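Protein chains: 2
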Amino acid sequence: MRDAPESRLGAFFDRVKPGVEDALDRILPAASAPPAVVHEAMRYSVFAGGKRLRPVLALAAYSAFRPDWDRALPVAAALELVHTYSLIHDDLPAMDDDDFRRGQPSCHRKFGEAVAILAGDALLTLAFETIAGCPAFPPARIVEAVGMLARAAGTREGMIAGQVRDLGAQGAPVDPEALEAIHRAKTGALVEASLAIGAHLAGAGTDPMARLAAYGRRIGLAFQIMDDILDETAPAGDLGKTPGKDRAQEKATYPGLYGVEESRRMVRRITSEARDQARELGEGAGLLVEIGAYLESRTH
Amino acid sequence: MRDAPESRLGAFFDRVKPGVEDALDRILPAASAPPAVVHEAMRYSVFAGGKRLRPVLALAAYSAFRPDWDRALPVAAALELVHTYSLIHDDLPAMDDDDFRRGQPSCHRKFGEAVAILAGDALLTLAFETIAGCPAFPPARIVEAVGMLARAAGTREGMIAGQVRDLGAQGAPVDPEALEAIHRAKTGALVEASLAIGAHLAGAGTDPMARLAAYGRRIGLAFQIMDDILDETAPAGDLGKTPGKDRAQEKATYPGLYGVEESRRMVRRITSEARDQARELGEGAGLLVEIGAYLESRTH
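Taken in sequence, the protein lines are chains A and B.
Position 109, counted from 1, in the first sequence is what the numbering used here calls 109; the numbers after and before it change by one each time, with no gaps.
Position 270, counted from 1, in the second sequence is what the numbering used here calls 270; the numbers after and before it change by one each time, with no gaps.
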């Protein structure tokens, strides 16, 4: 989003990002707090240069319904903790076996496998502790947010389901339905949940929540297809990881199934639908409309 | 506890255990539900013959304050999910590298490392989903239970802190304070939290909660010392894992530091103190008094 600073979205991003960084810094134990090695590893991975996309989406969705997004910062930061846990565990030798992440050695390359496993476990645990400890919202709303996040991270339709299916699909041909199911669970579920949790904390009603879910499904899918495209096309320096790794591991990807150009067309179509859905959310959803346009612009 | 069926504790155990098993069965996705392999792995480890100690402690603590313990069954089962996740991850090759658990191949030996890591992640996630989805208690109480469990599982004074310290202590001499700190975090925190969460859900006040915490600290420590003693002295068939493994890995243990006989004396002293504290909780805490006596009896 740093590519679009002139937009409302860019301005919102510039405004909320320091708050997200600050919330993460306050939530994470000090690197010197014993047992230091796991806290160092948690901070190493959380502060490795992530775009904070999920927190920003949560805060943008919150802002569609209420202006005081700063109250939701701890919960937004918790979404980033869950995202980071999933990256640490996905990079492990037994999983995707990635030595680099965001241009630096992956957590297990830096701290060893045992500490990396525990750092991931700890970030997931801390995410729930953080949401439960957020005093800004009524308990009933917090309980629902905990459930939404757990489902998005879980084995039925969540991140773990996506990772299991992704591992199972390596080296085997996948059809379009299976590919969408992998992506929807692996990336889409947490993106959708980030938007939904933001809106829910802001007190959005049933009807806007349903519209937002439809929007979130498309945005989540578009993000994953963009990631697949970038893995194929971006120079290593931009990507921060080994480019073409997906293809080398015979992973199921959109460019692998449809080619890069058709994948770009799909992102444009999906984000265009998402923009239309965001518009139906009314005046406050301008940021969400722009997220669709922003994603679309990255395909050119 | 099956050794003491004639006691009130044994009768309570016989009464609640089927409910715990049933709750676990209802909470866990079917082994055939896609993606099946992770659900199979979760069920394999959860139904590997665990004693359900943490759920029973939670329900016993609940029963000290209210009779309708069946309302707390989903939360009690969630404690077992967290315990099982910690066993799966602790057994991984990068951690304690245990091939057997409860007499069967450990999760990663049976399903591979990737699935074992994900099954552990999934059980932890499902525990929070389960507590958040428990309709029997007011949201404020559920939120507090989520926080208590997350802290008990976390890096400050919880299970992950204990595991990090335990890994760091292997092969190096430890002093009594360091040993107690490892054990208190690794086993004690979740045992204490099980008791505290049970009492909290039942609406226990501040004063009983403080007494229960003091009791729980002792019970948790006694359980871990007993585990250390059994690792040294029990035949392999009884233990379900490789006996003497702690010593072979140069782990920090009570028998290693104090010898088996002195460790038994310590369990008797600690459980005797715990019994006294349980008595101060009044009439309803008979089961908790008996837990102390039961532990004491196992040292003979």
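Derived by calculation from the structure, the hints in this document are not laboratory data.
Quick caveat, the model's predicted, so the values are computed rather than measured.
Do not rely on the hints blindly, as some may be mistaken.
Identical chains blur together in the list; that is why a pair holds if it fits in one copy or across any two.
Claimed, not checked - Calculated lysine-lysine pairs in the DSS-like style (CA-CA distance at most 30 angstroms, straight line):
(1) K251 - K17
(2) K245 - K110
(3) K51 - K17
Hint by hint, here is what the structure shows:
no.: 1; hint: K251 - K17; in the structure: neither (32 angstroms within a copy, 44 angstroms between copies)
no.: 2; hint: K245 - K110; in the structure: both (20 angstroms within a copy, 28 angstroms between copies)
no.: 3; hint: K51 - K17; in the structure: within (9 angstroms within a copy, 47 angstroms between copies)
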